[in-house]
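S.K.: Going line by line, the protein sequences match chains U and S. Quick note on numbering: the first sequence equals residues 1408 to 1712 in this note's numbering. Quick note on numbering: the second sequence equals residues 20 to 257 in this note's numbering.
Derived from the structure by calculation, the hints contain no laboratory data. Take these hints with a grain of salt, some might be off.
Away from chain U, derived, C-beta distances all over 12 Å, residues of chain S [as the list claims (entries may be wrong)]:
#1 VAL99
#2 ASN109
#3 ASN121
#4 LEU137
#5 ALA201
#6 LYS242
Below, simulated DSS-like cross-link-like pairs (lysine-lysine); rule was C-alpha separation at most 25 Å, straight line [what the hints assert, rightly or not]:
#7 LYS148/S x LYS191/S
#8 LYS1607/U x LYS148/S
#9 LYS191/S x LYS1607/U
Quick caveat, the model's predicted, so the values are computed rather than measured. Note that beta-carbon positions come from the ideal geometry of N, C-alpha and C, so glycine has one too.
Residues per chain, in single letters:
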Amino acid sequence: MSYLGQQLVNGLTLGGVYALIALGYTLVYGVLQILNFAHGDVYMVGAFIGFFVMVGLGGPLAPSVPVAIMVLIMFLVAMLGTGLLGIVIERFAYRPLRNSTRIAPLISALGVSILLQNAALLLFSANIRTYDTSSYIPSTLGFSFADITIDGVRLFVLVLSIALMFGLARWVNTTQVGRAMRAIAYDRDAAVMMGIDVDKVIRWTFFVSAALAGAAGVMNGLLLRGVSNGMGLVPGLKGFTAAVIGGIGSIPGAMLGGLLLGVVESLAQGYLSTNFSDTITFALLIVVMLLKPNGLLGKRAIVKA
Amino acid sequence: MSEKKPLLEISNIDTYYGVIHILQQVNLRVDEGELVCLLGGNACGKSTTLKTILGMVKPKVGKIMFAGEDVTHQNTPARVKLGMAVVPENRRLFGPMTVLENLKIGAYVRGEAAQEDLERVYDLFPKLKERSSQLAGTLSGGEQQMVAVGRALMSHPRLILMDEPSMGLAPKLVEQSFEMIANLHSQGVSMLIVEQNANMALSVADRGYVLQTGRIVLEGEAKELAGHEELRRAYLGR
């Protein structure tokens, strides 16, 4: 029982990270029907920004500010930086292709992905960095109940990812830009007729989606996973898988898909096989696609007639 | 009789779709407070005229003046900001959003929607107040029409462009729809209505234009047009 509970907690933590990545895919797909395959690399850039902010503030062993403030600054700078990167990617890789075939932005996305990975290799070398979180966030932090332990870092990542999801839902549901974004996703021409500046809303969409990926990147570092130029590939694919499982274009779908994928992966690792956990998670994608081609919460067909 | 001030004036508009010449030398004017209808059969360029006025389609030559400004090269959001609002063909509501959200989208160019503007729409269409948290896509055709008009009013428009307000509505609702248009007109709202139902449109309009294969072939006071032999034969006789 406690083992199962522990796996569930770990899975939800991981799933929160996947959900944040999945949200970025779904938001961009919603307004532009583009699969932004550079998204995983934006996540990588976020992890690097977080790392360098941490080093810049004195490093894990001798932080020049209180640890809580340091972590806060790491998130803020990483989210702002990746958000701006998202705007730049949209401006130069997608906007010129707005009226071309559907395949063109996809190719462009792969180009941006390769560009970012290699730029990171050039700038930061191939060394794998780690945040060394355990040296400044004591593992005694956190709590346990009924034999399930959730350490401070996991608890923090889980709470923050849920908070970001709530924040996003609030932004999408109650602000003018959020409403405009949904209006564009539903009927772009009608949105234009209402006076909505589509370019501005698209910029916001890319900013928010990339900032969420940046936050996910820092979370990855805090969870003691390696930071390197190629780290975005697999989480990027998993975030995309989560978005598709939930129903691409659907915001609650991306959240559900991410959490589900994290839990399944964690259970697969805990009960079946560590080596085959990816096989099992991607098999989940196939099963969902066979049973519900539009995803769990997706409504419309993906290709419009 | 009050002094006439042109609110919208389009002159010598030529619009193409690719190589197909749609509008040819179209001239049209709407004065402050006036209700003008643009009549014509299928595929004669009515909707294209509306799209050209709104900036969704760019004319090859010609000039569009609105509210004292040359808007020929402005994009649609800029024109909406200047005071154009549209009730599109088939209403084009945002179906998965609530009635209230649809109305708020209508106020987009003004920033956040003001409560008094919402109240004004609810006064005009009390039914929408009851339905405010319902999804727009689940409303009946008549109610959707109310949302579409309410949404247009939310931006404090100086001119409302209506594309086929009778389209897809049951005869009784068509009548209600035109009653509502007449009502808005009596409150001083300027409107340009594109319509196939010439009888209905002329019964509420001040003036009218008749478009045929991309050219204005007739124009005049609504009363004169309603009695015009050629128009009767072409559009009203059936």
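S.K.: Checking the smallest CB distance to chain U, is VAL99/S really beyond 12 Å?
M.R.: For VAL99/S, whose nearest Cβ neighbour in chain U is about 3 Å away, the distance does not exceed 12 Å, so it is violated.
S.K.: In terms of Cβ atoms, is chain U entirely out of 12 Å range of ASN121/S?
M.R.: violated (9 Å)
S.K.: Should the label of ASN109/S as a non-interface residue stand, given a Cβ cut-off of 12 Å to chain U?
M.R.: ASN109/S not clear of chain U: closest Cβ-Cβ about 10 Å, inside 12 Å.
S.K.: Is LYS148/S within 25 Å of LYS191/S, Cα to Cα?
M.R.: holds (22 Å)
S.K.: Just want to verify: LYS242/S was marked as not at the interface with chain U; is every Cβ pair farther apart than 12 Å?
M.R.: holds (32 Å)
S.K.: Non-interface claim for ALA201/S: all C-beta distances to chain U beyond 12 Å?
M.R.: holds (24 Å)
S.K.: Given the hint that LYS191/S pairs with LYS1607/U, test it: the Cα-Cα distance must not exceed 25 Å.
M.R.: With Cα atoms ~42 Å apart, LYS191/S and LYS1607/U exceed 25 Å; violated.
S.K.: Within a Cα-Cα threshold of 25 Å, do LYS1607/U and LYS148/S meet the stated pairing?
M.R.: Since the Cα atoms of LYS1607/U and LYS148/S sit roughly 31 Å apart, the hinted pair is violated (cutoff 25 Å).
S.K.: Does LEU137/S sit more than 12 Å from chain U, CB to CB?
M.R.: holds (14 Å)
The structure does not agree with the numbered hints 1, 2, 3, 8, 9 stated previously, though it agrees with the rest.
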